[in-house]
Every structure is written in structure tokens, then in C-alpha cells.
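The listed protein sequences correspond, in order, to chains U and P. Each residue of the first sequence is one higher than the one before, counting from 1 in our numbering. Each residue of the second sequence is one higher than the one before, counting from 1 in our numbering.
Keep in mind the hints are simulated off the structure, nothing from the lab. Backbone N, C-alpha and C define an ideal beta-carbon position, used for all residues, glycine too. Some hints here could point you the wrong way.
[To be verified] Facing chain U, a subset of chain P residues (Cβ under 7 Å, in silico):
| no. | residue |
| --- | --- |
| 1 | I85 |
| 2 | L89 |
| 3 | S92 |
[As the list claims (entries may be wrong)] Pairs of lysine-lysine, DSS-like flavour, derived with a Cα cap of 27 Å:
| no. | chain 1 | residue 1 | chain 2 | residue 2 |
| --- | --- | --- | --- | --- |
| 4 | U | K62 | P | K164 |
| 5 | U | K113 | U | K136 |
| 6 | P | K5 | U | K74 |
| 7 | U | K136 | U | K177 |
| 8 | U | K127 | P | K5 |
| 9 | U | K113 | U | K175 |
| 10 | U | K136 | P | K136 |
| 11 | U | K74 | P | K164 |
| 12 | U | K136 | P | K5 |
| 13 | U | K136 | P | K164 |
[Said to hold, decoys possible] In silico negatives: residues of chain U with every beta carbon more than 12 Å from chain P:
| no. | residue |
| --- | --- |
| 14 | T37 |
| 15 | S57 |
| 16 | I67 |
| 17 | S70 |
| 18 | P80 |
| 19 | F86 |
| 20 | E130 |
| 21 | L170 |
| 22 | E229 |
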Amino acid sequence: MEKDAISTAVLEISNLTKKYGASFAVEGFNLKLQQGTVHGLVGPNGAGKTTMLSIISGLRRKTSGEINFSLPRKEVMLMPDTPDFFGFLTARQVVDLARSPFSDDISEESIQKVIDDVGLSDSIDQKIQEFSRGMKQRLGLAATIIGRPKLILLDEPCSALDPIGRYDVLEIVTKLKENATVLFSTHILSDVESVCDSVTVVDHGKTMYEGTVSGLSDGKKSFENAVLELLRPGVQL
Amino acid sequence: MNLWKVELLQLFRGWRGWTLVFLFLLASILAVLIGFLIDRSNASEVVGYVEVLEFYMLCSIPAGFLFIGLVVSSMSFDSNQNLSIFLRLRFSFQKILLTKLGVYVPLSEILFLSTFGLTFLVSILMFDTSDPISFKWFVFGYLFRIFGSIFWVCLITFTSAVFKSTVASLLLTLAIIFGFPILVGVATPIELAARGLLETSPNEWEEISYAAKINDWWPTNVSDTDTFLTVTDSEVVANKHSVYFEDTELDPWFRLKPFIISLCLAPLMMLYALRTYSRREI
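Next up, chain P with everything else stripped away, as it sits in the complex:
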């Protein structure tokens, strides 16, 4: 028995790991089903396999949230004082953290890639394949995704270190992911109303509103680059990208600002977390 086995047993001997697998599979099934229903109900709109992959990414969001919850709960091992004493007396906190990250980071990528691949295989058999995915953009997007995963790891390690309690750590994580963007979403129209600019088109709000500009730098937005995974060859030629049937300009650096911020924050958050874990009294 070792820490790796314990971590995997904790995941797959109970409901946690299997629910996660189920939610990823469900995302795959739902994506195909949604694509199928839209294809059947709308004769004028041809649903391609790329759209189905976009539906998959939308449907896999709940799995992503469960995953965050599981990682935060696992990283908050100090919340159970007596269990923490057992672990910390025998293993260094670096080893405990590395084991957890060594299990969860590959697991998230394996689950994502395998169900993405499954959706891909099923959808190329069932849907229009005339406009294939651009391989270069897929690789480019995947590099961003890997960077994004590293950032998420640092973020969750940080939020788990701030508080001993799992619930408090999870709430802080959710506040960073959702709380701030929601706050900005509310603040932006209020700010524009106060400045007499509410009549401006929402498409221009990011340019005008200070609150919206701050959100533009918010580090968790780096995950928006997942849309690069479904750029097609024709979209590259037309220099636009259609997400959920809505066209936007195909700009490889549209999330450069959060990318820069997350690049700076990731090591700082990790350092803070390591310092907190090492100095924490049990």
C-alpha cells in the first residue's frame, strides 16, 4: 500500500470516481443526442461533427465542476485533523500534494481526451464531415488547455491552502471561478447606466466599461481558449470561428490578457500554498 493506491482507492472505491466517469460519458452521449435532435428538427441547418464536439465541451462543464470539488476536497487533507496527523507524521506534505496532483491532473486529461475522442468517433460516423477540424489549431488549443490545467492546479492548491476547511476552500474556488465574473456582469450595466452609456450595444461593452475591462484580465478566462479545439479548415480560411452557431473573429490571442495574468499568478499561488502547508499547525 502506498499514497498513490490510497488516492485511487478513495476515488474509485466509492461514488466519487465513478460519478466523474459517468458525467464525462453522459456529456459525450448528450452531445451526440443534441446534435442528432437539432439535425432532425432543422432541415436547413446541417450539423457537422465539429458542432457536436462543441456540444460535448458544453455538456462536460458539470463534470468539470465535480472534478474541481473532488480535487479541492482531496487537497484539503488538513480538514480532518486526525487523518492529517496520520499522513503528516509519515509523509512530507510535498509528497502528499505531489501524489494528489499526480493522480488528479492526468486523470482529468485522460477523462477529457477519452470522452472527447469517443464523441469525435461517434460524430464522424453520424454527422457531416465536409468541414474537418484544423489539426494545427487543435494542437494550439490543446497547448493552451495544458497550460490552463497547470493554472487550475495552482489555483486549487492555493484555495485549498487558504483554509483548513474543505467547504470554505471550495467556496473560495467557486467565488474565483464564478463569483467575480458574476459580480462584473452585474457591475457593468450599473456602471454604464451611471455614465449614461447604457444604450451602447453589448458587443461594445468590453471596450467601454471599466468593470468589463477588468474581467477581460481575469485569469480563469484563459480556459475560453478551449474553443480553439474545434476550429475548422474553412474557418481558418475565412478568419472567423463559429461557436454554438455564433460567428466571432478567429483571433489566436483573444485571451492573451488572462494568459499573462495566469502565467504570473500560477507560481505565486503555488509558493503561497507550499508556504502555508509547511507552516500550518495540526
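Chain U with its partners taken away, still in its complex shape:
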């Protein structure tokens, strides 16, 4: 039974392409996300990671290709890399607003729990305009997971966080795969090693590698060096 669940693809992308004028932001991207896994999306700036996540979440349109979900679109939620909210609201109100479309299924008590989970308990009634970027990123994660989505797209969720914040977020991501599938874009390669079951390395909108994390490092070199060599042959840390 468990084996069946694991082999179910939540998201299947084939030959996804996004063009802006003559240039490709994403070119022939393929991805198959298995249920209950954390998949890393790694690549340098401008590789097309954010564009891919925006297309999957429906914020941007694809130029061509196929995207198939095995779950309703309302079960897909994206956390952008720089989440922003109404500055006059408190953290509690923001998470409550994010809960409002699901208020029949998710109780008000969940707000406190989710905010505790992302480490914002002390600032729960503080206005967002007083929040740092790192705090907004934590709040963005809380607003993303409050609706209990089944497919979570995280766009560089640790980019503005201190080491403790990063640790907290990676803990949450690990826990999330019990009930959801996570597509996790990041620059921080050690984060991918820590939490991801599989990884896609992209550069200039093209897939350079797709497979398991261990498959890339191959036991001989570190994951970081393997990714670096893939992106810039001849360069090593």
C-alpha cells in the first residue's frame, strides 16, 4: 500500500518551455515529482528556477510543454523568495487571512501552531512593517503551510535566514513530506543534501541533471563539487 503511494506522481512536467522574446527562460524542462518526497531545484542566478515555480503555481503562462497534476490546483501553494504582506497586519492576521479560503477545514487554533512551528511565537501580534526580511520569510512559510497544501513550492526559503532560521525551516521541510510533496529551489547546496530525496540541476533554463542526490556525488566527490563541475566544468571548491 505504502509502495503504491510512493510511486504516485503528484506532478509531471514534460518539455516545458518559457520564452521572453527570443530568449529562453526555461527550455525543454522535464520533471516527475513523486508523492511524499522533497525535490531540490538547484542552479545559478538566472537559471530559470523562479520562472519554473511561477509557471507551476499558475502565476505565469508556459510557452509550450505539458504540466499535469494528480491533485486539484488549490492543493498547490508557492512560497516566493521575498514574501510580502500588508504591513498594517500582524503575523496572526496574515496567517488567518491565508487560512480564510480553507476556513471550513482548518481551525483557528492552527494559526498559533503554525506560527510556533516557524519560530515567530514572540512576534505573533507584531505588525509586519516591523518585521525583518528573515521574519517575513518565516511568516511566508507559515502562510504557505496553513492551508495544508499537498504540493508545496518553496522558492529559496532560506535565502534571508540566519543559521538557526535555516535549521528550523529545514526541519519543517523534512516534516512536511509526511503529508505533502515539496519542490524546493535553493542556492545552498548543503540544504539540498540535508533534506532532498532527489534533485534537478538547471542552468540557463535547461536541465543539467535529474536524479537522486547521491547519484550526482557518486561517492567520489562531494555534492557541492559535483554540482559545480556540472555547471562550470573544471572548477572545484
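With the hints as your guide, set chain P onto chain U.
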């Protein structure tokens, strides 16, 4: 927390909503004050409460402009990309737009009616009431006003959809409201001069000038029908209407042309806006 509460909090937790309320109240106070000063300074001219209501409508124009600015800024929610992502991932754009319109349209009418009513109450106590407002014409004018409000909603939704940026959307709105009439105001004498008709009386320009004729069809002029709100019983008998002490013929269809144009444009602008919002990439 829901979208309605957020919209109201955004208005009244900061300066926006309160400034709007203040400007409407200020219009009411200024109208009474102007009426009082004219009444005291001019013994031959009796200021009636109807004139005070006309002053109120003149003084409430700045509040109207602030209101337009607030609505355009609120409707341009895509101008803040990250905030827009938060909203659009959780709520449909139709729900976002409907919430905003559901807050702003009633708010504008509540503010207008309450301060109009306040001015009415104060002015009937302080000024001449021998020539009362014609109730039928008031209702007729108010129906036009409601139609006008719907047209303004469509116009602002349209201008907010054309550009992502709030400033660009606001400038486009102002260009439609003021820009074109100003352009026509400049073009009309130039055209008449070129045709050797500059000596004609300005009252006849609307009949002679092609530029002025175009302006006659300009949809935002439908709001001129607000003058019907202050038609008095004696004016109905005399078939004339005095606005700011100036007499004109009392013609219920004097803004029929812009009414027809706005009736045709409103659904088109709304359709364009809905299409643009639904297809916009964030």
C-alpha cells in the same frame, strides 16, 4: 480575517480613509460657510439652502479626486508583485476585484449622501427655504448619479488594468477625466480661429466647433447630471435651472450623448479589465 476586513483596515488604519472622511466633512462645512458669507455680504441676493447644496457639490470635488486616487491605488494590486503573489495564490482575481468594489462603491455613496444630508440639515436651519428642492428631480438626478458611479467603477477598473503601475494607472485616469476636456478646451478656439469663426459667442461654440462637439460626447461628462440633485420646484415651473447663480435651460437629456457613450463603453471596459487581470503574468 478576510479580504473585506483587510480592505477596510487598509483604509482606516492609516491616513487614507480618515482623510477622505475629513475632505467630505470639510466640503460640507465650507459650503455652509460660503453660503453664510455670501448671505452676509450681499443684501440683495438671498442665499437659499439649495445654493448651499450646490456649493457643497463644488467643494466635494477634491474629496472625489482623493477617492479616485485611493480606488486606483487599491485596484492596482499587481503593482506590488510579492503582495500580489500572496493574494492571487489564495483568492481568485474576481474575488479580489469584487471585494474592492464592494468596499469602495458603497463607501463613496455613503460618504456623499451622509455629508450631503448633513449640509441639507444645517442649511435648512440657516438659510432661505422658500424654494424647496423638487423631489422628483432629485430622484431622477440620483438615478443618473448611480449610473455615473457604475461607469466610474468600470473606468477605474479599466485604467487600473491597463498598467501594472499605480502611478501610470492614476495618470491615465486623470488624462481621461481632465486631459481630454482640457485638450478640447485648447483646440476649440484654435479650430474656430482657423475657420475664421473666433468672433462667435462662446455660448454657440458647442454648436459650431467640431472639437467642442466631440467633447459633447465625452463619457465622463455624464457626471454633470449631478446638477439635477438641486433643481427646485420654481425652476421646474420656469423650465430653467440656476447653477451657481447662472441660469440654463432645464433639459433632462442635456447629457444624453455622454450617457449613451458611457452605457456602451462601461461593459467593454469591464470586459477588457477582466481579460487583462486574468491573463496578466505575475
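Consistency of the hints with the structure:
| no. | hint | in the structure |
| --- | --- | --- |
| 1 | I85 | holds, 5 Å |
| 2 | L89 | holds, 6 Å |
| 3 | S92 | violated, 10 Å |
| 4 | U/K62 to P/K164 | holds, 20 Å |
| 5 | U/K113 to U/K136 | holds, 17 Å |
| 6 | P/K5 to U/K74 | holds, 23 Å |
| 7 | U/K136 to U/K177 | holds, 23 Å |
| 8 | U/K127 to P/K5 | holds, 16 Å |
| 9 | U/K113 to U/K175 | holds, 14 Å |
| 10 | U/K136 to P/K136 | violated, 57 Å |
| 11 | U/K74 to P/K164 | holds, 25 Å |
| 12 | U/K136 to P/K5 | holds, 21 Å |
| 13 | U/K136 to P/K164 | holds, 24 Å |
| 14 | T37 | holds, 22 Å |
| 15 | S57 | violated, 6 Å |
| 16 | I67 | holds, 15 Å |
| 17 | S70 | holds, 20 Å |
| 18 | P80 | violated, 5 Å |
| 19 | F86 | violated, 6 Å |
| 20 | E130 | holds, 14 Å |
| 21 | L170 | holds, 23 Å |
| 22 | E229 | holds, 34 Å |
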